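Knowing the structure of chain F, use the given hints to seat chains X, C and Y with the ligands on it.
Residue numbers (the working numbering), protein chains in the order written: chain F, 1 to 106; chain X, 1 to 106; chain C, 1 to 149; chain Y, 1 to 149.
Mixed in with the good hints there might be a few duds.
Calculated lysine-lysine pairs in the DSSO-like style (CA-CA distance at most 27 angstroms, straight line) [what the hints assert, rightly or not]:
1. C:84 x C:129
2. C:84 x Y:2
3. C:137 x C:68
4. C:82 x Y:82
5. C:84 x C:126
6. C:68 x Y:129
7. C:82 x Y:2
8. C:82 x C:126
9. C:14 x Y:137
10. Y:82 x C:14
11. Y:76 x C:14
12. Y:68 x C:129
13. Y:14 x C:82
14. C:14 x Y:68
15. C:68 x Y:82
16. C:82 x Y:68
17. C:76 x Y:14
18. C:68 x Y:84
Sample of chain C residues facing chain Y (criterion: CB under 8 angstroms; computed from the structure) [to be verified]:
19. 7
20. 11
21. 14
22. 16
23. 20
Note that these hints are calculated values from the structure, not bench results.
Predicted model only: the values in this text are computed from it and were never measured.
Ideal Cβ positions, reconstructed from N, Cα and C, are used throughout, including at glycine.
Residues per chain are reported as follows:
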Amino acid sequence: MNVQITSADGALIALLSGEIDHHTAREIRKEIDSQAEKLHPPVLKLDFSQVQFMDSSGIGLIMGRFRLMQLLGGMLLVINVPPHLERIISLSGVGALGVLQYKGKE
Amino acid sequence: MNVQITSADGALIALLSGEIDHHTAREIRKEIDSQAEKLHPPVLKLDFSQVQFMDSSGIGLIMGRFRLMQLLGGMLLVINVPPHLERIISLSGVGALGVLQYKGKE
Amino acid sequence: MKPVNEMQLSFDSKSNNESFARSAVASFILQLDPTIGEMADIKTAVSEAVTNAIVHGYRDTIGTIYIKSQIFENGKITIQIKDKGVGIEDVPKAMEPMFTTAGGERAGLGFAVMQSFMDNIRVVSKQDKGTTVTLTKYLIPRVLSYDKR
Amino acid sequence: MKPVNEMQLSFDSKSNNESFARSAVASFILQLDPTIGEMADIKTAVSEAVTNAIVHGYRDTIGTIYIKSQIFENGKITIQIKDKGVGIEDVPKAMEPMFTTAGGERAGLGFAVMQSFMDNIRVVSKQDKGTTVTLTKYLIPRVLSYDKR
Ligand SMILES: Nc1ncnc2c1ncn2[C@@H]1O[C@H](COP(=O)(O)OP(=O)(O)O)[C@@H](O)[C@H]1O
Ligand SMILES: Nc1ncnc2c1ncn2[C@@H]1O[C@H](COP(=O)(O)OP(=O)(O)O)[C@@H](O)[C@H]1O
Numbered sequence: 001m002n003v004q005i006t007s008a009d010g011a012l013i014a015l016l017s018g019e020i021d022h023h024t025a026r027e028i029r030k031e032i033d034s035q036a037e038k039l040h041p042p043v044l045k046l047d048f049s050q051v052q053f054m055d056s057s058g059i060g061l062i063m064g065r066f067r068l069m070q071l072l073g074g075m076l077l078v079i080n081v082p083p084h085l086e087r088i089i090s091l092s093g094v095g096a097l098g099v100l101q102y103k104g105k106e
Numbered sequence: 001m002n003v004q005i006t007s008a009d010g011a012l013i014a015l016l017s018g019e020i021d022h023h024t025a026r027e028i029r030k031e032i033d034s035q036a037e038k039l040h041p042p043v044l045k046l047d048f049s050q051v052q053f054m055d056s057s058g059i060g061l062i063m064g065r066f067r068l069m070q071l072l073g074g075m076l077l078v079i080n081v082p083p084h085l086e087r088i089i090s091l092s093g094v095g096a097l098g099v100l101q102y103k104g105k106e
Numbered sequence: 001m002k003p004v005n006e007m008q009l010s011f012d013s014k015s016n017n018e019s020f021a022r023s024a025v026a027s028f029i030l031q032l033d034p035t036i037g038e039m040a041d042i043k044t045a046v047s048e049a050v051t052n053a054i055v056h057g058y059r060d061t062i063g064t065i066y067i068k069s070q071i072f073e074n075g076k077i078t079i080q081i082k083d084k085g086v087g088i089e090d091v092p093k094a095m096e097p098m099f100t101t102a103g104g105e106r107a108g109l110g111f112a113v114m115q116s117f118m119d120n121i122r123v124v125s126k127q128d129k130g131t132t133v134t135l136t137k138y139l140i141p142r143v144l145s146y147d148k149r
Numbered sequence: 001m002k003p004v005n006e007m008q009l010s011f012d013s014k015s016n017n018e019s020f021a022r023s024a025v026a027s028f029i030l031q032l033d034p035t036i037g038e039m040a041d042i043k044t045a046v047s048e049a050v051t052n053a054i055v056h057g058y059r060d061t062i063g064t065i066y067i068k069s070q071i072f073e074n075g076k077i078t079i080q081i082k083d084k085g086v087g088i089e090d091v092p093k094a095m096e097p098m099f100t101t102a103g104g105e106r107a108g109l110g111f112a113v114m115q116s117f118m119d120n121i122r123v124v125s126k127q128d129k130g131t132t133v134t135l136t137k138y139l140i141p142r143v144l145s146y147d148k149r
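So here's chain F without its partners, still in its complex pose (with noise of 0.2 angstroms):
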């Protein structure tokens, strides 16, 4: 399983870990949608510290889980990008949707 998911302060936090394609992408988004569809998390923390290999469908599952809090009525955040992630992340703009946390800004 590419993901484990906990609750701290209200949060939802999704461990992401190993490498995520669009094959492992769709169990993860099933796993976190129906946790957060659920709790009504008032946010929803990504945490890639743990992944170790990610396409463009990692950005996908960013976008998507951006769109679901929205619906929601909460917030995405993305923390803990480990640097061999931050050219595909830059490359896709997700920075604009304001949803990338680094240490020290918490």
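Chains X, C and Y with the ligands in isolation, oriented as in the chain F frame:
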């Protein structure tokens, strides 16, 4: 490079590493043999502690060095065989050559 | 120029083969002693092209995906990813960033990633015949440990 | 029984493709969530068969080696390694432990390893036509994470 050669107490020690197959065994063999033929050491030790993968080319490597050391009037020792290589070592029967040395037996 | 090494691969267009496909290409490229960054770039680009063949090329059907990779003397690598699926109507439009016909969870960034992570991309497609994407990358020059035998 | 997944691979009979071949097969098998021991067994057996095709099948020439791997519903895996090289004159004799026609650094243990590390091996060979080795392994039953889509 899959081999590092050092000398200690008159023995020649070849620290093997990575994956030993027919391709990498060739370089390893050349490296060891050129040193052994130059130095005529009384003992050649093959250290398998850093070997992650090995097929029967590794067995050929042991048998070939055994013959070389016999020619040179020295002896061969195979040291630090990790658990994941024990199966192929025992299947090969190289133990019958009396070259296997285990910890605590030194 | 003749390649110094070549491999071909084919497999079912099932999504659990995505990781297999990029790992297999990575294993082939490993003999050129690439940097970790070069390896990540190649794996990501291959993952995009293979996913496109599965998601768009063959849509709800299962077909065969073909990969051919060649290594050249000067550190040039080509990787061809081919499907015999529906094809692309308008290639230049399909290659625009954010353009997607799939919607939902597709970001429309597959071609943008391939373009940015590789040195060259060529797309040949014919409707109802299929699509061939050819990716090229030049590994940064260094003392190659590549052995021609 | 129809396989639930299948891949085919072909590459030049160059010794630096040995690690590529076993890694590619390993990447394909990974979807069945094998144990580390099962994975090591399969990689070792594939390495033996591929080395034989390079060293004996094609000897001093460069030919193409073909691999086909299939995964079945019940955890059964088959891997076929084929060359169009010189072939084997006497298969039962070739399969005897310690028998080798190469001498020198070959231990004559390739077939013994394949036999011991896999559940079944079938060798079909014809002189001047080539050799096909089919390896079969049954992964120990467990809750498979394999996804049929
Ligand atoms: N192999 C293919 N077969 C058919 N159509 C394709 C193929 N690859 C890409 N396309 C088309 O090009 C569009 C853009 O592709 P891409 O940039 O990878 O974004 P995405 O995959 O996220 O849609 C796709 O939405 C699809 O319409
Ligand atoms: N693909 C092949 N083509 C031709 N001959 C082969 C092939 N595989 C095996 N052989 C023959 O079978 C013999 C035994 O093979 P094996 O048990 O793997 O030991 P080794 O490779 O160490 O010689 C080889 O020496 C060779 O004569």
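Structure-based check of all given hints:
1. C:84 x C:129: holds (5 angstroms)
2. C:84 x Y:2: holds (22 angstroms)
3. C:137 x C:68: It holds: about 14 angstroms lies between the C-alpha atoms, which stays within 27 angstroms.
4. C:82 x Y:82: Satisfied, since the Cα-Cα distance of roughly 24 angstroms is no more than 27 angstroms.
5. C:84 x C:126: The hint holds at about 9 angstroms.
6. C:68 x Y:129: The given pair, whose Cα atoms are some 25 angstroms apart, holds under the 27 angstroms limit.
7. C:82 x Y:2: Since the Cα atoms of residue 82 (chain C) and residue 2 (chain Y) sit roughly 24 angstroms apart, the hinted pair holds (cutoff 27 angstroms).
8. C:82 x C:126: holds (12 angstroms)
9. C:14 x Y:137: holds (22 angstroms)
10. Y:82 x C:14: holds (25 angstroms)
11. Y:76 x C:14: Holds: residue 76 (chain Y) and residue 14 (chain C) sit about 19 angstroms apart, inside 27 angstroms.
12. Y:68 x C:129: holds (25 angstroms)
13. Y:14 x C:82: Given pair residue 14 (chain Y), residue 82 (chain C) holds - Cα atoms ~25 angstroms apart, limit 27 angstroms.
14. C:14 x Y:68: holds (17 angstroms)
15. C:68 x Y:82: Given pair residue 68 (chain C), residue 82 (chain Y) holds - Cα atoms ~19 angstroms apart, limit 27 angstroms.
16. C:82 x Y:68: holds (19 angstroms)
17. C:76 x Y:14: holds (19 angstroms)
18. C:68 x Y:84: holds (20 angstroms)
19. 7: Nearest chain Y Cβ about 4 angstroms off; hint holds.
20. 11: Because about 4 angstroms separates residue 11 (chain C) from the closest Cβ in chain Y, which is inside the 8 angstroms limit, the hint holds.
21. 14: Interface hint status for residue 14 (chain C): holds (6 angstroms vs cutoff 8 angstroms).
22. 16: Interface hint status for residue 16 (chain C): holds (5 angstroms vs cutoff 8 angstroms).
23. 20: Holds, about 5 angstroms.
Figure legend: structure checked against the earlier numbered hints; every hint is met.
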